[in-house]
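Engineer: Residues per chain, in single letters:
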Amino acid sequence: MTGLLTPLVYLLASVLFIVGLRFLSSPKGARRGNTVAAIGMALAVAWTVVLVAGRSTPAGIIICVLGVLLGGIAGTVGARRVRMTAMPQMVALFNGVGGGAAALVAVAELLQLGGQRPALQSGLPSVFAIIVGGISFAGSAIAFAKLQELMTGRPITYPAQQVVNGLLAVLIMALAVALLAVTGQPAVFIALLALALVLGVAFVLPIGGADMPVVISLLNACTGLAVAASGFVLDNFALIVAGTLVGASGTILTMLMGEAMGRSLANVLFGAFGSVKTAGDAAGPAGERSVRTGNSEDIGTLLAYSRNVVVVPGYGLAVAQAQHAVRELGEQLEARGVDVQYAIHPVAGRMPGHMNVLLAEANVPYEQLKEMDEINDQFKSTDAVLVVGANDVVNPAAKSSPGSPIYGMPILNVDQAKTVVFLKRSMRPGFAGIDNELLYDPKTVMLFGDAKDSLTKLLAAVKAA
Amino acid sequence: MNQQLIVNFTYFVLAVFVGIEVISKVPTILHTPLMSGSNAIHGIILVGALIIAAGAQTPLQIALGFVAVLLATTNVVGGFVVTDRMLEMFKGRRLGAGGNSGTEEKR
Chain L
15 MTGLLTPLVY
25 LLASVLFIVG
35 LRFLSSPKGA
45 RRGNTVAAIG
55 MALAVAWTVV
65 LVAGRSTPAG
75 IIICVLGVLL
85 GGIAGTVGAR
95 RVRMTAMPQM
105 VALFNGVGGG
115 AAALVAVAEL
125 LQLGGQRPAL
135 QSGLPSVFAI
145 IVGGISFAGS
155 AIAFAKLQEL
165 MTGRPITYPA
175 QQVVNGLLAV
185 LIMALAVALL
195 AVTGQPAVFI
205 ALLALALVLG
215 VAFVLPIGGA
225 DMPVVISLLN
235 ACTGLAVAAS
245 GFVLDNFALI
255 VAGTLVGASG
265 TILTMLMGEA
275 MGRSLANVLF
285 GAFGSVKTAG
295 DAAGPAGERS
305 VRTGNSEDIG
315 TLLAYSRNVV
325 VVPGYGLAVA
335 QAQHAVRELG
345 EQLEARGVDV
355 QYAIHPVAGR
365 MPGHMNVLLA
375 EANVPYEQLK
385 EMDEINDQFK
395 STDAVLVVGA
405 NDVVNPAAKS
415 SPGSPIYGMP
425 ILNVDQAKTV
435 VFLKRSMRPG
445 FAGIDNELLY
455 DPKTVMLFGD
465 AKDSLTKLLA
475 AVKAA
Chain V
245 MNQQLIVNFT
255 YFVLAVFVGI
265 EVISKVPTIL
275 HTPLMSGSNA
285 IHGIILVGAL
295 IIAAGAQTPL
305 QIALGFVAVL
315 LATTNVVGGF
325 VVTDRMLEMF
335 KGRRLGAGGN
345 SGTEEKR
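Chain order of the listed sequences is L and V. For any residue, its number in my numbering is found by taking its place in the first sequence, counting from 1, and adding 14. For any residue, its number in my numbering is found by taking its place in the second sequence, counting from 1, and adding 244.
Hints should not be assumed to be uniformly reliable.
Said to hold, decoys possible - Using 27 Å as the maximum straight-line C-alpha spacing, the simulated DSS-like pairs for lysine-lysine come out as follows: (1) L:Lys471 - L:Lys432; (2) L:Lys384 - V:Lys269; (3) L:Lys394 - L:Lys457; (4) V:Lys269 - L:Lys42; (5) L:Lys457 - L:Lys471; (6) L:Lys384 - L:Lys471.
Keep in mind the hints are simulated off the structure, nothing from the lab. All of these numbers come straight from a predicted model, not from anything done at the bench.
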């Protein structure tokens, strides 16, 4: 009876995952979609508990209950406490633990063989799950540390780095072959897991903080595939389908992000982007040219008497927790009859769609958020653009100087507006580490300071105007 | 080659196509929730973790099983809860003023 029901339950769970993801195609149904997927998960897990209850060891029951309990608490507390700005590293963390679990499941499966060489059909996916899951776990941990600023966000490079990584990869392959063809001794696959962890660390170290979301998305796909591989080992339909869905989704997202940054995946992964100050022709001697700095009163008046204002929010806004301040300023301007819109670059914030989450949190009306393609033609007729904590996504070098590292990245055409106001902490270049020509443009006004403070001052100035 | 392997492979290939089909329809604004939502879905490895942990006997198996269940549960629960938190903020703001009374009160 249970034998017949099991595939049906796992099929139902898989269908719920697909339906859940399908609901994510509109903001309205998205939350329901997440709930649907969660129900599918609860169903699959509950059924598994029923299945294994009969043949578990006392120790097995204890570790299952304890693991679920502690994991549940850790997951809930982490997810409830995390700030919306810290979402990318949280996703990295949850992704990493999944990858780690997939690797451990494969290790445990191989252990059961008692040192025998595994058959190819279960051995191959096991080896895959150990390697990919291990890389995902260690890589995500480094990604988390970089984004959480537990370590430097700059790329960490050393001589012959790619050679070392290449050697690591070769060593892993050799161990994998040994495991499949020669011996199934635990020492071999534990060494395999250890090396995969080392490679995960070594692979993410040279990648800069700005590129971390791409890495996280890629590692997300990796974990998905590792889970699917575990599904092959356990002959489990739900694991195969769910893991593969995530593998596909992570792959697509990774490619979309690369596109939005105008760079190839290879460049992101192996380019050590932002490590050295690029000797691009765009980057002149920053200190020697003058910029126009304004005071909040003048800029407030300027905004108050504009017909239309486009706000370009960037990661600096998120760091300063200024999403509520920007919404208040927007409302004040709207109340004066100024048309206010928000231009959202695809990689604004730190992940695609991250800025939408942050502004939604601050109750910015959904209709005022415009995507890049939607708003780019409107800058020509825009009186004032307010750039809050963004830099690279409005840097004209992406269009005009082929030597620039960000050349080819789609940007917001802010330079076409009549006036551009930059709220920045300092003249420090953005994540990509390149100077922005637009800052020195005569039509640009700078207002230095913390984004939140500056916005509060502007709000007062607009009220007074 | 065994029959089950072919069957598994069939599931895999079909799931690739379903995945691509479904994910391509998600708009950019929802990509962050999508990433964390799909993240939660690969927490299905919890099923595998429970299967191996339940039968654990040796100390090594017990340790492995425990860590696997712990990590997988963190993945599942954390993933779904955090996605729900994000999506909650998207809900009900399509109608502007009517959808969210909080905004109105603060004005």
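Engineer: The structure should be examined with respect to each hint, and the outcome stated for every one.
Structural biologist: Structure-based check of each hint:
1. L:Lys471 - L:Lys432: Roughly 22 Å separates the two Cα atoms, so the pair holds.
2. L:Lys384 - V:Lys269: holds (18 Å)
3. L:Lys394 - L:Lys457: holds (13 Å)
4. V:Lys269 - L:Lys42: holds (14 Å)
5. L:Lys457 - L:Lys471: Holds, at about 21 Å.
6. L:Lys384 - L:Lys471: holds (25 Å)
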